[in-house]
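Put chain B on the given structure of chain A with help from the hints.
Sequence order for the protein chains is A and B.
For reference, each letter of the first sequence is one residue, going 26 to 125 in the numbering used here.
For reference, each letter of the second sequence is one residue, going 26 to 125 in the numbering used here.
Take these hints with a grain of salt, some might be off.
Identical chains share a label here; the pair holds if one copy fits it or two copies do between them.
Unchecked claim - Within a straight-line C-alpha distance of at most 20 Å, the following computed PhoX-like cross-link-like pairs (lysine-lysine) qualify:
(1) K99 <-> K124
(2) K86 <-> K125
(3) K72 <-> K44
(4) K124 <-> K96
(5) K44 <-> K111
(6) K72 <-> K125
(7) K96 <-> K86
(8) K99 <-> K72
(9) K44 <-> K108
(10) K125 <-> K108
(11) K86 <-> K108
(12) K111 <-> K124
Note that these hints are calculated values from the structure, not bench results.
Number of protein chains: 2
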Amino acid sequence: MSEKLQKQENNHTVFIGPKPFMNYVTGVVMQFTTQGADEVVIKARGKFISRAVDIAEVASKRFLENTVEVKDIKIDSEGFENKEGKQVRVSTIEITLGKK
Amino acid sequence: MSEKLQKQENNHTVFIGPKPFMNYVTGVVMQFTTQGADEVVIKARGKFISRAVDIAEVASKRFLENTVEVKDIKIDSEGFENKEGKQVRVSTIEITLGKK
Numbered sequence: 026m027s028e029k030l031q032k033q034e035n036n037h038t039v040f041i042g043p044k045p046f047m048n049y050v051t052g053v054v055m056q057f058t059t060q061g062a063d064e065v066v067i068k069a070r071g072k073f074i075s076r077a078v079d080i081a082e083v084a085s086k087r088f089l090e091n092t093v094e095v096k097d098i099k100i101d102s103e104g105f106e107n108k109e110g111k112q113v114r115v116s117t118i119e120i121t122l123g124k125k
Numbered sequence: 026m027s028e029k030l031q032k033q034e035n036n037h038t039v040f041i042g043p044k045p046f047m048n049y050v051t052g053v054v055m056q057f058t059t060q061g062a063d064e065v066v067i068k069a070r071g072k073f074i075s076r077a078v079d080i081a082e083v084a085s086k087r088f089l090e091n092t093v094e095v096k097d098i099k100i101d102s103e104g105f106e107n108k109e110g111k112q113v114r115v116s117t118i119e120i121t122l123g124k125k
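One chain only, chain A, in its complex shape (with noise of 0.2 Å):
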C-alpha cells in the first residue's frame, strides 16, 4: 500500500522509512503534540521494523514520558511480486502510541 493510501485511511499514522531518524520521531511526537491525536500509528516493513521500534521507544520514553505508552502492537506479513516478477514475502509492524 502506498504511504498516501495510508495517510487517507489514518491521519495519524506514521510510515517509517529511510529518512533520518530523527524525522520519524518528531513526526510522531508532533501528532500528539500539535495535532491533538489520541493515538498514533507507527508502520513499517522488512528492514524498517527494527527502526519502528526504535522510533516508538524514543518517542514514548525521551519525549513523551509519562503521557503516552505503547497499546498495542500487530505483526503479519505481505506477499507481492518483485521486480523478477518472483512472489516475494515481507513482514510488516504496526505499533500503536496512545496517551495514558
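Relative to the frame of chain A, chain B by itself:
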C-alpha cells in the same frame, strides 16, 4: 543479559542473532513439535528485531499454520555502556508464539 541467562529463565526461548535464518525457524518449530512447548518466546535486540518478526511470521504461518499463533508482543529498551564507555540505548522485542 547473556544468551545463557535467557535460557535458564525460560527453556522455550529463542534468542535471535546473526546465524542463518532457517536455524532460528527450525529452532522455534522444533520447540513446539519435539520439545512439547506450549509457548515459545522469540527475543531480539537492535537490528535483529526485523529478523525476529520474519522468523515469527515464517514459523507461525508457513510451518505451524493452524496450530500456532502470535499471543503477545512486547517492546522495550535497555541502556548499556559501549566499548568507548558511552551510554547507549538499544530496543528489544519479545514475541510470544503459542498453540491455538
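Hint check:
Taking the shortest alpha-carbon separations for K99 and K124, both the intra-copy value of 18 Å and the inter-copy value of 18 Å come in at or below 20 Å. When the C-alpha separation of K86 and K125 is checked against a cutoff of 20 Å, the pair qualifies only within one copy, where the shortest distance is 12 Å, while the shortest distance between copies is 33 Å. Within a single copy, K72 and K44 get their C-alpha atoms as close as 13 Å, and across copies as close as 17 Å, so both meet the 20 Å cut-off. Taking CA atoms no more than 20 Å apart as the test, K124 paired with K96 passes inside one copy only; the shortest distance there is 9 Å, against 24 Å between copies.
For the homomeric pair K44 and K111, neither the shortest alpha-carbon distance inside one copy (28 Å) nor that between copies (25 Å) is at most 20 Å. Taking the shortest Cα distances, K72 and K125 never come within 20 Å of each other, neither inside one copy (29 Å) nor across copies (28 Å). In this homomeric assembly, K96 and K86 come within 20 Å of each other (Cα to Cα) only inside a single copy, at 13 Å, whereas the closest approach across copies is 24 Å. Both within a single protomer and between protomers do K99 and K72 lie at most 20 Å apart by alpha-carbon distance, with minima of 16 Å and 18 Å respectively.
Taking CA atoms no more than 20 Å apart as the test, K44 paired with K108 passes in neither setting, with 23 Å inside one copy and 28 Å between copies. Taking the shortest Cα distances, K125 and K108 never come within 20 Å of each other, neither inside one copy (44 Å) nor across copies (36 Å). In this assembly of identical chains, the alpha carbons of K86 and K108 never lie at most 20 Å apart, being 39 Å within a copy and 24 Å across copies at closest. Taking the shortest Cα distances, K111 and K124 never come within 20 Å of each other, neither inside one copy (42 Å) nor across copies (32 Å).
Of the numbered hints stated above, those contradicted by the structure are hints 5, 6, 9, 10, 11 and 12, listed in ascending order.
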